[in-house]
Amino acid sequence: MSGAADSKLPPFTLLDEPQLAFAPNDAHVDAHPLRGLERYGPFSKGSFSGFTPRIRIATVGPGSMFKTRGALMAELLRSHQVSERTEYIPPYPGFSKLFHVELVSAPGEAHIRWPESLGQLAGAGGPEEKLFAAMENALARLNNMRDEFDVVLVHFPDSWGPATRTKFFDAHDALKALGAKYNIPTQVLNDRAFTFKHRASLAWRLATAIYVKAGGIPWKLARMQGIPDDTAYIGLAYALRGDPSNAHYVTCCSQVFDMDGGGMQFVAFEAREPVADVKEAQRNPFLSRADMRAVLARSLELYQKRNAGQLPRRLVIHKTTAFKKEELDGAYDALAGISEVECIEVGTNSTWRGVWLLDSRGQKAKSIPAQYPVPRGTMVVRSGTSVLLWVAGNAPSVSRKSDYYQGGKSIPKPLQLIRHAGRGPLETVAYETLALTKMDWNNDALYDPVPVSIRYSQRLARTIANAPELPGNIYPYRLFM
Numbered sequence: 001m002s003g004a005a006d007s008k009l010p011p012f013t014l015l016d017e018p019q020l021a022f023a024p025n026d027a028h029v030d031a032h033p034l035r036g037l038e039r040y041g042p043f044s045k046g047s048f049s050g051f052t053p054r055i056r057i058a059t060v061g062p063g064s065m066f067k068t069r070g071a072l073m074a075e076l077l078r079s080h081q082v083s084e085r086t087e088y089i090p091p092y093p094g095f096s097k098l099f100h101v102e103l104v105s106a107p108g109e110a111h112i113r114w115p116e117s118l119g120q121l122a123g124a125g126g127p128e129e130k131l132f133a134a135m136e137n138a139l140a141r142l143n144n145m146r147d148e149f150d151v152v153l154v155h156f157p158d159s160w161g162p163a164t165r166t167k168f169f170d171a172h173d174a175l176k177a178l179g180a181k182y183n184i185p186t187q188v189l190n191d192r193a194f195t196f197k198h199r200a201s202l203a204w205r206l207a208t209a210i211y212v213k214a215g216g217i218p219w220k221l222a223r224m225q226g227i228p229d230d231t232a233y234i235g236l237a238y239a240l241r242g243d244p245s246n247a248h249y250v251t252c253c254s255q256v257f258d259m260d261g262g263g264m265q266f267v268a269f270e271a272r273e274p275v276a277d278v279k280e281a282q283r284n285p286f287l288s289r290a291d292m293r294a295v296l297a298r299s300l301e302l303y304q305k306r307n308a309g310q311l312p313r314r315l316v317i318h319k320t321t322a323f324k325k326e327e328l329d330g331a332y333d334a335l336a337g338i339s340e341v342e343c344i345e346v347g348t349n350s351t352w353r354g355v356w357l358l359d360s361r362g363q364k365a366k367s368i369p370a371q372y373p374v375p376r377g378t379m380v381v382r383s384g385t386s387v388l389l390w391v392a393g394n395a396p397s398v399s400r401k402s403d404y405y406q407g408g409k410s411i412p413k414p415l416q417l418i419r420h421a422g423r424g425p426l427e428t429v430a431y432e433t434l435a436l437t438k439m440d441w442n443n444d445a446l447y448d449p450v451p452v453s454i455r456y457s458q459r460l461a462r463t464i465a466n467a468p469e470l471p472g473n474i475y476p477y478r479l480f481m
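Under the numbering used here, think of the first position of the sequence shown as 1, with each following residue one higher.
Mixed in with the good hints there might be a few duds.
To be verified - Straight line, CA to CA, 30 Å or less: simulated DSBU-like cross-link-like pairs of lysine-lysine:
| id | residue 1 | residue 2 |
| --- | --- | --- |
| 1 | Lys325 | Lys279 |
| 2 | Lys197 | Lys409 |
| 3 | Lys305 | Lys181 |
| 4 | Lys401 | Lys197 |
No lab work stands behind these hints: they were computed from the structure. All values derive from a computational prediction rather than experimental measurement.
Input sequences plus hints: build the corresponding full structure.
If you want it as structure tokens, here you go:
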């Protein structure tokens with residue numbers, strides 16, 4: 001356009017794919033989570049079998065599907081060839097070969113059989129009330145034989161769908177809240193688990209989830225160059241609970257205590273200050289200065305209990321919305337003893353897009369779009385406090401072929417990272433965010449669209465918002481997977 005001023009972004013930076021550790025002291029590392037498990041076994045293989053020589057599975061569900069649930073667990077014992085995403089997923093080798101521990105059925109009394117229909121469940125009230133009562137009764141019974149099992153499979157058949165998720169009830173979240181109450185890890189099954197045709201993919205996902213819920217650690221982050229020792233991460237997520245005319249936040253803090261991604265525990269915290277403007281709170285939730293000080297002080301206390309009273313040298317706080325001045329003041333109040341505090345907004349609704357261009361050859365050379373999107377780890381600095389980071393993108397280092405784009409569709413959008421407090425290279429903030437997208441143990445993917453500090457805190461906030469009876473205690477993440 002004639003007279004228009006040219007606009008040009010700064011040069012981009014390509015961050016390396018973060019490595020995962022499958023043994024202490026980074027003795028075995030790999031960028032690919034499943035390939036690393038296949039090659040080296042899980043991070044905790046040296047210690048896990050010492051206190052859990054066998055993972056014992058209890059089950060709850062309609063009696064007619066008891067043998068079907070057992071057959072599904074037997075499938076995890078066998079090897080499976082890959083039938084999808086063949087460039088990424090390795091063959092599944094079988095549970096004991098993969099995790100160096102046996103998978104067995106719990107004793108007969110640890111298998112609770114429900115009737116076939118919701119109407120046959122005991123108790124008063126509608127289907128939701130009957131289902132909740134049945135779940136509570138099942139976990140209470142299992143709690144009386146807690147030393148006989150490690151993980152409980154709970155099957156909600158598709159025919160129960162009208163009651164498992166309604167406007168005011170979510171059976172999954174209610175079950176997780178009950179599991180937290182009794183300290184019982186649960187694995188939810190639906191009918192799709194029995195019919196899904198890609199059995200290797202199903203086995204990878206279900207086996208890894210069971211191992212983690214039993215207390216195992218499949219992988220951690222390998223040491224990240226440029227990230228200071230004694231760095232800790234906190235993710236803040238908010239959920240509104242109660243009547244909108246008198247709503248309160250439920251805040252949850254996800255703790256990724258170690259710079260290697262270990263020590264995932266949560267502080268469930270209900271804000272004390274009332275919500276003055278519900279519409280504003282829904283658009284951009286935030287805490288008062290007092291509530292921010294309280295939730296961070298409680299989180300810091302938890303860190304100190306795990307680290308012999310020591311404070312982290314550097315603390316990074318993630319949330320998906322902007323930090324208000326009151327929140328920053330509350331953070332400074334609570335974290336006065338920590339020398340480096342970073343408050344990072346992890347924006348997920350960026351309108352930016354990027355296309356990877358290649359130089360064509362010939363007399364009329366020009367740039368042409370590549371067949372794959374921009375590489376994962378592409379970073380573009382927008383200002384002194386803001387970067388664009390593509391956590392979704394081409395990741396050839398994990399492919400058995402030449403390229404790999406998770407999902408395989410659409411043009412990926414970047415995260416927008418905005419620093420509201422802190423100092424130092426923005427490359428450091430971007431790289432640790434990229435690394436933390438690889439720490440979701442609840443799937444078989446290379447990465448999650450957001451760092452685990454955000455994803456886990458969101459899940460817990462949602463669960464607590466749907467389960468008001470759950471107290472504001474400290475919980476391990478495996479209870480909410």
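Status of each hint after checking the structure:
no. : hint            : verdict
1   : Lys325 x Lys279 : holds, 19 Å
2   : Lys197 x Lys409 : holds, 21 Å
3   : Lys305 x Lys181 : holds, 22 Å
4   : Lys401 x Lys197 : holds, 23 Å
Consistency note: the structure conflicts with none of the earlier hints.
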